[in-house]
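As they're listed, the protein sequences go chains G and L.
All letters in the first sequence, in the order written, are residues 1 to 399 by my numbering.
All letters in the second sequence, in the order written, are residues 1 to 230 by my numbering.
The hints are simulated quantities; they were obtained by calculation from the structure and are not laboratory data.
Nothing here was measured: the structure is a model prediction, and the numbers come from that model.
Where hints are given, some of them may not hold.
[Stated by the list, open to error] Stretch by stretch, here's where chain G covers chain L in the computed footprint (C-beta under 8 angstroms, at least three residues):
(1) 52 to 61
(2) 98 to 111
[Claimed, not checked] Reference excerpt, derived from the structure (chain G facing chain L, CB under 8 angstroms, subset only):
(3) M1
(4) E4
(5) K11
(6) T305
(7) E306
(8) L309
(9) K311
(10) A312
(11) A315
(12) T316
(13) I393
Even for Gly, the Cβ is constructed at its ideal location relative to N, Cα and C.
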Amino acid sequence: MIKESIKMSWKNIVHNKMRSFLTTLGIVIGVTAIIALITIVEGVNNEMNSQFASLGAGKITVLAYGTPLKQGLNDNDLQKLLEIDNVLGISPTLSMDASVVRDSLLEENVVVEGKNDVYFRHNSELILKGRDFNILDMENKNRVAIINQDLERILFFGEDSLGKDIQINGITYQVVGVLDEAVATDVMSVMETRMGKKSDGKAIIPYRTAMGMAGISNISSLEILIDDTNRTDEVIKDTENVLNEAFNYKDDSYTVINLDSLLDAMDTMSNMMTTMLAGIASIALLVGGIGIMNMMLVSVTERTTEIGLRKALGATPGSIQLQFLIESIFLSLLGGFIGLVLGVSLSWAVTTLLGIPFQISTGAITLGVGFSASVGIIFGWAPARNASKLDPIDALRSV
Amino acid sequence: MAKEIIHMRNIIKSYQLGDQEQIVLKGVDLDVYDGEFVSILGPSGSGKSTMMNIIGCLDTPTSGEYYLSERKIKDLDEKELAHIRSKEIGFVFQQFQLLPRLDATENVELPLIYSGVSVSERRSRAKEMLVKVGLEDRLDYYPNQLSGGQQQRVAIARALSTNPTILLADEPTGALDQKTGHQVMALFRELNEEGRTIIMITHDINIAKNASRTVEILDGNLTGGVVNYD
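Isolated chain G, as found in the complex:
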């Protein structure tokens, strides 16, 4: 019985190819949109989350612009920050452009960053080969450098750079380590890589050395590493107290960024975004459902005689209703599957284009297929009911 109904539905759908196609189109568009939007948004989200999480877990970032009188934080301020309860360490950062020379090779506009041992202690995965900075490098102001692969390629042509000397702005440093470029380290460099900006040469030297090279005595950017992340808020409060004191309570002299809370906010936002997009896409499904209902109503009217005949041949109202219901479910599921294929391919294409990992969202697929099936049932119900209620005498007479 059900098999016959499916077969019959298929014949009717194939017979009215153009009409079936146009009717299904609404569902196709709806399901494609739902699946593609959810998959893409989820993909982008996961990617951003995982990157931000690796950057932001257990630390807060402080940008200390300072005041005209005091640009940035001095050693005394840093010491105070270090003494805050629950703080593991402080990693100051400064960055400048410099020229790097090895033998007779000159590379200009190399980004030179000043960091300390704390930074590497919590980002040990950054080192591809060699070693990171240790406490002695810091205290002795050793002239050591960690360079990235680009710079190693430019200056050493595939030769091993470890233990060799380079000159940064005329001062000789020994290369002790090479950075792994697969690991993005901070928000800005992630952004730059995302934007497709090619990362060029980069060298990291102990921050005090860098400060001397840049001719500054204050630090304006640093990260505070936190032990117990459940108590991040307290640390932020204490940090703000220290900074207020350092800058004499002047407005806009600093910013404290907590990536964890940023991450939460981003999560909420993207969830809202997903819901909203799915909502918009379901409008397409609704419209598609109305299209299906319309086609089914037309179909019932067209096939009045057939319905009458089937009834005369012994079809019960239930079996007539079932047949038309199956036809509308079949039609919308057909649209659902086409939409599924299109949606998955579309999201694959987009994620590949964006360079983020493609992951099929089972939730999206369940939603898409489930939605289209229910559209078939909901919007097929009334026409099928109409068909089952036709009086066989009237139906047969309407030749």
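Given the coordinates of chain G, assemble chain L onto it according to the supplied hints.
Just chain L now, kept in the frame of chain G:
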């Protein structure tokens, strides 16, 4: 004495047209016995279509007694009526009423689907019926590839496929030319000789003559059993 298949007493059918009640059947009595070939003869508007609908359980009488194979057809709901149609009645219509998207075999199989016969048995029974009506070389033809006479024979095969108690035909030759009409009538007589009970509704006395008994319906009244054929 042959078994009584149809037993009708004082059948009245009326319709409400606006605030006027129109009585279409005015107390009809009819008995049909197993193996009979009865034609119901009447001009248009005489109530013969209503008669056919009631016999075929497509409609129920307003009042009166109707027993079909000793079952009382009254107060049955739509589902039960559908089952009776499926088991007891084989319909043949004036306009054949074949489904255009199904081939001959599939059309004949149609009523078997509703009486719950298995796929393989459906197929073999449909073929058997089509062979019986002389269409063994037209099994997979679609209705639009068949002549009117052939289409009506497919319809007859379809009506016979469930082995119904009664073959109920409504103007079966109405859409056919005279020669094909005669062929269809010959088939009917043949089926009747094999023992099939047939009730045929027609307005044409020459067609009615094929039956073993003719009753005439005029203005909602069934007039006496015998009609003078000549």
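Hint check results:
Figure legend: the region 52 to 61 of chain L, annotated as covered by chain G; annotation consistent (4 residues with Cβ-Cβ distances under 8 angstroms, at least 3 required). Requiring three or more residues with a Cβ within less than 8 angstroms of a Cβ of chain G, the coverage given for the region 98 to 111 of chain L holds, as 5 such residues are present. Residue-level restraint check for M1/G holds (minimum Cβ-Cβ distance to chain L is 6 angstroms; threshold 8 angstroms). Checking E4/G against chain L: minimum C-beta separation of about 5 angstroms stays under 8 angstroms; hint holds.
A distance limit of 8 angstroms between C-beta atoms decides the matter here; for K11/G the minimum to chain L is near 5 angstroms, and the interface restraint holds. Against a cut-off of 8 angstroms between C-beta atoms, the interface hint on T305/G holds, since the closest Cβ of chain L lies about 7 angstroms away. Evaluation of the E306/G hint against chain L yields a held restraint, the C-beta minimum of about 6 angstroms falling below 8 angstroms. Because the closest C-beta pair between L309/G and chain L is about 5 angstroms apart, less than 8 angstroms, the hint holds.
Taking 8 angstroms as the C-beta contact cut-off toward chain L, the hint placing K311/G at the interface holds, the least distance being around 7 angstroms. Restraint check, A312/G versus chain L: the minimum CB separation of about 5 angstroms is within 8 angstroms; hint holds. The beta carbon of A315/G is positioned within 8 angstroms of a beta carbon in chain L (closest approach about 5 angstroms), and the interface hint is therefore held. Taking 8 angstroms as the C-beta cut-off, the interface hint given for T316/G holds, the closest approach to chain L being about 4 angstroms.
Restraint check, I393/G versus chain L: the minimum CB separation of about 5 angstroms is within 8 angstroms; hint holds.
In summary, the structure agrees with every hint in the numbered list given earlier.
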